[in-house]
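So the sequences go chain by chain: L and A.
Heads up, the first sequence is in our numbering, so the first residue is 1 and it goes up one at a time.
Heads up, the second sequence is in our numbering, so the first residue is 1001 and it goes up one at a time.
What the hints contain is simulated information worked out from the structure, not anything from laboratory work.
Since this is a predicted model, take the numbers as computed values, not measurements.
Any given hint might turn out to be false.
[Unchecked claim] Label-pair ranges, simulated between beta-carbon atoms:
no.	chain 1	residue 1	chain 2	residue 2	range
1	L	333	A	1007	37 to 43 angstroms
2	L	5	A	1044	20 to 26 angstroms
3	A	1327	L	315	25 to 31 angstroms
4	A	1157	L	5	34 to 40 angstroms
The beta-carbon is built from N, C-alpha and C at its ideal position, and this holds for glycine as well.
2 protein chains.
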Amino acid sequence: MNNFDFKNPTKIIFGKDTIKNLENEIPKDAKVLLLYGGGSIKKNGIYEQVKSALAKVDVVEFGGIPANPEYAVLLEALAIIKKENITYLLAVGGGSVIDGTKFLASAALYEGETPWDILSQHIRTEKGMPFGTVLTLPATGSEMNSGAVITRAETKEKLAMGGPGLFPEFSILDPQVIASIPKRQLANGLADAFTHVLEQYMTYPVEALLQDRFAESILQTLIEVAPKVLKDPTDYKASANFMWSCTMALNGLIQKGVPTDWAVHAMGHELTALFGIDHARTLAIITASHYTYNFETKKEKLAQYGERVWQITEGTLEEKAHAAIVKTEAFFKGLDIDTKLSDYTDDYEGTAEEIAKRFTNRGWVALGEHQSLSPDKVQEIVKMAY
Amino acid sequence: MNNFDFKNPTKIIFGKDTIKNLENEIPKDAKVLLLYGGGSIKKNGIYEQVKSALAKVDVVEFGGIPANPEYAVLLEALAIIKKENITYLLAVGGGSVIDGTKFLASAALYEGETPWDILSQHIRTEKGMPFGTVLTLPATGSEMNSGAVITRAETKEKLAMGGPGLFPEFSILDPQVIASIPKRQLANGLADAFTHVLEQYMTYPVEALLQDRFAESILQTLIEVAPKVLKDPTDYKASANFMWSCTMALNGLIQKGVPTDWAVHAMGHELTALFGIDHARTLAIITASHYTYNFETKKEKLAQYGERVWQITEGTLEEKAHAAIVKTEAFFKGLDIDTKLSDYTDDYEGTAEEIAKRFTNRGWVALGEHQSLSPDKVQEIVKMAY
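Isolated chain L, as found in the complex (with noise of 0.2 angstroms):
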């Protein structure tokens, strides 16, 4: 196990009719400036239900954050912060409301130049304006975790920032939220949990055997309630688990004392950038060609996975090995996620060599959990996906 420090301080309120409880993680004297994106909480509830626990504080509001925050929008609620002199910030939404949230309780503090300077120059956040929020799609796990990922249309840019300033003061996760999340939405939040464990595990042993285990706890809860989730997300059991691991993919525990992949997602995000393709998809079309290419370097931790989560007992370890990639490419083909670049466009060649180019370019000379995958490594792994 390598040596870590751990420590995550955001609050979490779980279960069925919680959203009332804001009323009492909010300061009574705060002015709040509600978060939220396009707009779908205004057609299943949850807007009045924030509204009404919010009712004795003073609110202003701004909607329309789109998925993948952009920054152009959230410059303009950091104006409104100023200018109305907010103290408070309450996210309602996914991972990009959140992250974007995060962004602002940045930014709101931040005394440089141009609040760009937080995402372009990696500065990390010490300290942010205090914000919670009300979680309404389980996927991210933005909700525990004090990461964002903001993205800049006019630059073509995606970049992350972070600090332990950015955890939210409180999370309320209610998982009946979940019946009125479209299909899609809910298969991507499946695949987004899936693959953050995966990054978190899928390197090579350290004898961190209670990580190893809870990582393989969240990936076995994902695949038992991802058929009934996607069957009947009013099937309140199978929701609030799936909210859970979502939640604790991504809350910094399992990654703590074990070396960390992350190239996948960092292939997804360009696939994203590329061709709007969203981001779960983006990870799914990655996955298997990734472990494929870097079999030998991860062929123990996937027969593992193999073994104690598919409960493949047969073959060889690289049999195992090989038999748990095909396991994981059929549990995306069972959420309704294409695997390949090439279900997704025909107009995909040439896209490793530009995505090889860009990673040259930002002065990407290794990515992985042995820092080797170099762009022209990075180059044959999504050839490999088309």
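Since the structure of chain L is already known, use the hints to place chain A on it.
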């Protein structure tokens, strides 16, 4: 899954040679009371490491906190805190030293008549004096939770306290400390952590799939590392997994959203009070009898545990459940821990009646996850454990 709140702000600093990080965690202007136990830290080098890391801070010392931290001794430390204007507490020890420090953290800011109120009147500590810990004995999980148990010899009482103000600000977990722990205490730590998990797991199913799997993960890991740790406590890999498992066993995570039992602890505490038997060993005495007595209400979880943790695949649900109890008793025996009261004392006659009487006198109407174990049932369980 039941509704739950979860928040745990303790920072964990885990790994080899991490005690020196103390320097960065305690405010430079703090006046620190360094608390420890019987002095073993002066023999194994931990004391020197701590003192060296605290070189730049004003430190007063208080040693001699006994196992089952004693109120009278803690009052002496409290007098020093007040006299010396202490602002920060540092516990260097196992669960007893940390629990004692939690009492002091609360008592130092308590403004009522006598600090015993905190225990006798169940006063929740919302704010305590800040404190950190350097863990020297993995077992209780006190390093990452907000609870404590304090003993008062004068009145033969052993009472619990807690509250959100009693999470350590940080805890340093260097698995190398395990190398110098006597085998008896290692066995106790393994049994204690194992039972902590069982108390939060061996109840009835509520479809909390992830919590169940996390609990099973900790049990599996303890079973895997126990023989290695006992054989060679300098085995860093095994010790690291042992240490992290003990912390995760009682940091609040696995109990969220599920029913919990804790009747084994309630009965076990009395055996410590009456006979001075080590805490962990009292749990091993009670466990099998408790599960056998409550077989009907616990059999689903017992069978699940048997299947997943002990790979019991043959037989009916009842047969698997019974076999799981046998395996649990064998696990304790494998740690060289006896599982019957008569293994520890010849003077056990009347113990069951005495414990039932104590519970009745305290007004404890019912224990366990169903709140159904009245003192007469407790009497039967303890008798089965003779």
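Tested hints:
A beta carbon spacing of about 39 angstroms between residue 333 of chain L and residue 1007 of chain A agrees with the range 37 to 43 angstroms that was offered as a hint. A C-beta distance of roughly 24 angstroms is found between residue 5 of chain L and residue 1044 of chain A, which places it inside the suggested range of 20 to 26 angstroms. The supplied range of 25 to 31 angstroms is met by residue 1327 of chain A and residue 315 of chain L, whose beta-carbon atoms lie about 29 angstroms from each other. Under the hint 34 to 40 angstroms, the C-beta atoms of residue 1157 of chain A and residue 5 of chain L, about 38 angstroms apart, fit the expected range.
In summary, the structure agrees with every hint in the numbered list given earlier.
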